[in-house]
Amino acid sequence: MMFDEEFIRDVTREVWSTVLGLSAEDGPVVQVGAEEITSSVDISGAWEGTVAVSFTRPLSRHIAAVMLACPESETSQALVEDVIGEIANVIGGNVKGILPGPTYLSLPRIEPDWVDKTSPGIVHQLWFDCAGHPFSVTVLAHQGQDRRRS
Amino acid sequence: MKILVVDDSKVMRMIIMRTLRQAGFGAHAISEAGSGTEALAVLRNERFDLVLCDWNMPEMTGLELVAVIRTERLAPRVGFVTSEGTSRLREATEAGALFLIPKPFTVESFEQTLRTVLVA
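So the sequences go chain by chain: A and B. Heads up: the first sequence is residues 1 to 150, going by the working numbering. Heads up: the second sequence is residues 151 to 270, going by the working numbering.
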């Protein structure tokens, strides 16, 4: 494996600080509710897998408001999905960037779910805290099977 | 000077345009396009001095867009702003791009890269 947890942690913190101007601190694994949202990108080629970022809905709205420099009440669902899709795109792009050989990045995908610690194929899962809200960054290796919680 | 920002993400277009202003390019006329097709339609009707282009877009990729821009001589300066990272710089330059700004970017990375490109 070309990347370790420290790399994922550094990339995530860099994205949070440079793109959002927010801090991402190490956070505990928490039990999240049903109203969550995940943005992810697939990497294909020499290595095949998925980089997924799972948010609570309140955090996704907060991040969108910060990124758009507007009140949370003015963030539509489409804009929220655009914002968190870009976050997965940038983190996934940086992971892809250190992989050997030709690899390709998919467009971001949004799902109403959270990649939990029991999902098959997990290579790394890091939990963070941002403004009192949990979020996680998960790297999954494709194994030709359903990789997500149903 | 006229600058065209091409990205399928509305949010990213907003952030790039904000970063351009913060980097000192706010006096230039900055326009946006949400796809390669839309960008070509704009560029075939209006002269732009610089095109900032995303790499990974649906329908037409950034590489495909840059190839058309160079072939049809639609803009003198084209570069990528992308999460692909500098590992794709060679591919970008072979397609005709002058630079690649990796995401996440900073105001300083925009200022440094574009000052060099715009005075060349």
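Among the hints, erroneous ones may be present.
As the list claims (entries may be wrong) - Quick list of simulated restraints, FRET-style, between CB atoms:
(1) B/177 <-> A/45: 22 to 32 Å
(2) B/268 <-> A/57: 40 to 50 Å
(3) B/236 <-> A/6: 19 to 29 Å
(4) B/266 <-> A/129: 35 to 45 Å
(5) A/118 <-> B/268: 35 to 45 Å
(6) A/46 <-> B/209: 20 to 30 Å
These are calculated hints, taken from the structure and not from any lab test. Note that this is a predicted model, so its numbers are computed, not measured. All C-beta atoms in this analysis are idealised placements derived from N, C-alpha and C, irrespective of residue type, glycine included.
**OP:** Determine whether the Cβ-Cβ distance between residue 266 of chain B and residue 129 of chain A falls within the hinted range of 35 to 45 Å.
**Re:** At roughly 39 Å between Cβ atoms, residue 129 of chain A and residue 266 of chain B fall inside 35 to 45 Å, so the hint holds.
Subject >> Supplied distance hint 40 to 50 Å, evaluated on CB atoms of residue 268 of chain B and residue 57 of chain A >> reply: 42 Å, holds
Subject >> Whether the CB-CB distance between residue 177 of chain B and residue 45 of chain A falls inside 22 to 32 Å >> reply: Check failed, 42 Å falls outside 22 to 32 Å.
**OP:** Look at the Cβ atoms of residue 46 of chain A and residue 209 of chain B and judge whether their distance stays inside 20 to 30 Å.
**Re:** Between residue 46 of chain A and residue 209 of chain B, where Cβ atoms are some 26 Å apart, the hint holds.
Original post:
Is it true that the C-beta distance of residue 236 of chain B to residue 6 of chain A lies inside 19 to 29 Å, as the hint says?
Top reply: Since residue 236 of chain B and residue 6 of chain A have Cβ atoms about 21 Å apart, the given range 19 to 29 Å holds.
Subject >> residue 118 of chain A paired with residue 268 of chain B, Cβ distance criterion 35 to 45 Å >> reply: The hinted range 35 to 45 Å is violated for residue 118 of chain A and residue 268 of chain B, with Cβ atoms some 52 Å apart.
Hint violations for this structure: numbers 1, 5, all remaining hints satisfied.
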